[in-house]
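Chain by chain, the residues:
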Amino acid sequence: MPNITVNFSSQWTSIQVAKVIASPTTAGEPASYPYSRKIPHGLGYPPLAIGMAPPNGKASYNIMEGVDVDATYVYIEDDSGSGGVAFDCVVVYALDISKDFDFSQYTSEVDDVQQDTHGNLDLRKFLLHSRAVSPMLLAVDVKDYTLSDMGHTYTSPLNYPTFQFGYVRWVDPGSGRVGIWQSAPLASQAYPWLRSDGYTSVLGGTTIAGVLATDKGSIITLRNPAIISENKVVVTI
Amino acid sequence: MRDVIYNSKYQNLHMDRANPKSMFTVEVNINSNLPYNPSQPYQDIQPTLLYEYVHGYNYIPQFWGLWDIKYGGTEGDYTTLGGITRRGYGFITHNTGFGLTASFYYTVDAVSVKLYFLFWSVNSGMKTTGTKAVFTGYLFANGRTSQDYTV
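As they're listed, the protein sequences go chains A and B. Under the working numbering, the letters of the first sequence match residues 32 to 268, in that order. Under the working numbering, the letters of the second sequence match residues 79 to 229, in that order.
Don't read these hints as lab results, they were simulated from the structure. Wrong hints could be hidden among the right ones.
What the hints assert, rightly or not - Covered stretches of chain B, going by a simulated chain A footprint (3 or more residues, C-beta under 8 Å): (1) 88-102; (2) 133-143; (3) 149-160; (4) 180-190; (5) 197-205; (6) 216-227.
As the list claims (entries may be wrong) - The calculated DSS-like cross-link candidates involving lysine-lysine, where the alpha carbons are at most 30 Å apart (straight line), are: (7) K192(B) - K210(B); (8) K263(A) - K205(B); (9) K192(B) - K205(B); (10) K192(B) - K247(A); (11) K210(B) - K263(A); (12) K205(B) - K148(B); (13) K130(A) - K148(B); (14) K99(B) - K192(B); (15) K99(B) - K205(B); (16) K99(B) - K263(A).
All of these numbers come straight from a predicted model, not from anything done at the bench. For each residue, glycine too, the CB sits at the ideal point set by N, CA and C.
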């Protein structure tokens, strides 16, 4: 099946929105340091959660970051007081980051799809719509870290770049995050970080004073829908 | 529930095939040495507007902005941006902590997506040429107001 052109494939699980939390810096209940708020998500497992915000405070940029989670809450670190961005919404996806999934037996090719010309229906009103495509889950790679093995690599079998998100679970009592899965952003300059070239993703554990500080990691890889790949411009300065 | 392929209880993340801006790529080539600006704090510096495109919605949608960046120069050459590569979402900074910040970022409002490059250096000889960034914006039709499909 040329799966890149389909908007829904029973080979993969769709990425589905379970909850959108608007104004997360005031939602839920107060949380202890390093968090400011914790908000119940109702899923019963640690989900993928992404925070977004337009420019606010001293920041002139949009933000898109993973948000820390456990099986009960999403945790908000509000650093707007120090010049950072305060999230204006957090999207919680029905995707368990603590459980291995693997659809890697499937391969595909990049291709274009024909755009339809239907009217301007508002897709916000639909759970599923034939005019829409969605990223789909390719794999969740979960690893238990040990003092002798803290390396963690996942390589996508697809021949085009994928989306990646990373999380590590803390066990260090001094972190204030015991049992919480902390987002490991791509390109972060401080631990935890995820590095990827779109195909191979690298995460890892860490120690504090010779003791394991993070005991698990999760690399979430999503299939890029790649629906309109000819839309490209080049800017030179 | 988490094992099912599709669950009608939740809402799919919707990328509209009828909107040609649903997936849009901008390749940025910096082939010049941008003027340095030692002003502080660096947040006060005006960034360079790289590109703007209208997304076609009249609300702020859920949006994923993905950067693939290769900074110019070579590792260990402190008159350049060091040749490092970065792939990531949202705001991507190369900040050495020694008077250099070279950041790619975007803004999304109810009309358009704008891409920016912010360059701050206290070193007048810092070279930006040879830097290349590929941005791909994934525009989802899903809204950002409160929704709860778990109940």
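Outcome, coverage of the region 197-205 of chain B by chain A - at least 3 residues whose beta-carbon is closer than 8 Å to one in that chain: violated (count 0)
Given pair status - K148(B), K205(B), alpha carbons within 30 Å: The hint holds at about 14 Å.
Chain A covers the region 180-190 of chain B, three or more CB atoms within 8 Å, holds or violated: holds (count 6)
Given hint K263(A) paired with K210(B) - CA-CA distance at most 30 Å: Holds. K210(B) to K263(A) sits at ~15 Å (cutoff 30 Å).
30 Å Cα cutoff - pair K99(B), K263(A): Distance of about 10 Å is within 30 Å: holds.
Satisfaction of hint between K192(B) and K99(B), Cα-Cα up to 30 Å: Roughly 13 Å separates the two Cα atoms, so the pair holds.
Per-stretch coverage check for the region 88-102 of chain B, three Cβ contacts closer than 8 Å to chain A: holds (count 14)
Holds or violated: K192(B) to K205(B), with C-alpha atoms at most 30 Å apart: With Cα atoms ~24 Å apart, K192(B) and K205(B) stay inside 30 Å; holds.
Proposed proximity, K148(B) with K130(A) (alpha carbon, max 30 Å): Distance ~33 Å between K130(A) and K148(B) Cα, so the pair is violated.
Restraint status (C-alpha distance of K192(B) to K210(B) at most 30 Å): holds, 17 Å
Straight-line alpha-carbon gap K263(A) to K205(B), limit 30 Å: Distance of about 27 Å is within 30 Å: holds.
Check of the region 133-143 of chain B against chain A for coverage (Cβ-Cβ below 8 Å, three residues minimum): holds (count 5)
Checked against the numbered hints above, the structure breaks hints 3, 5, 10, 13 and 15 and satisfies the rest.
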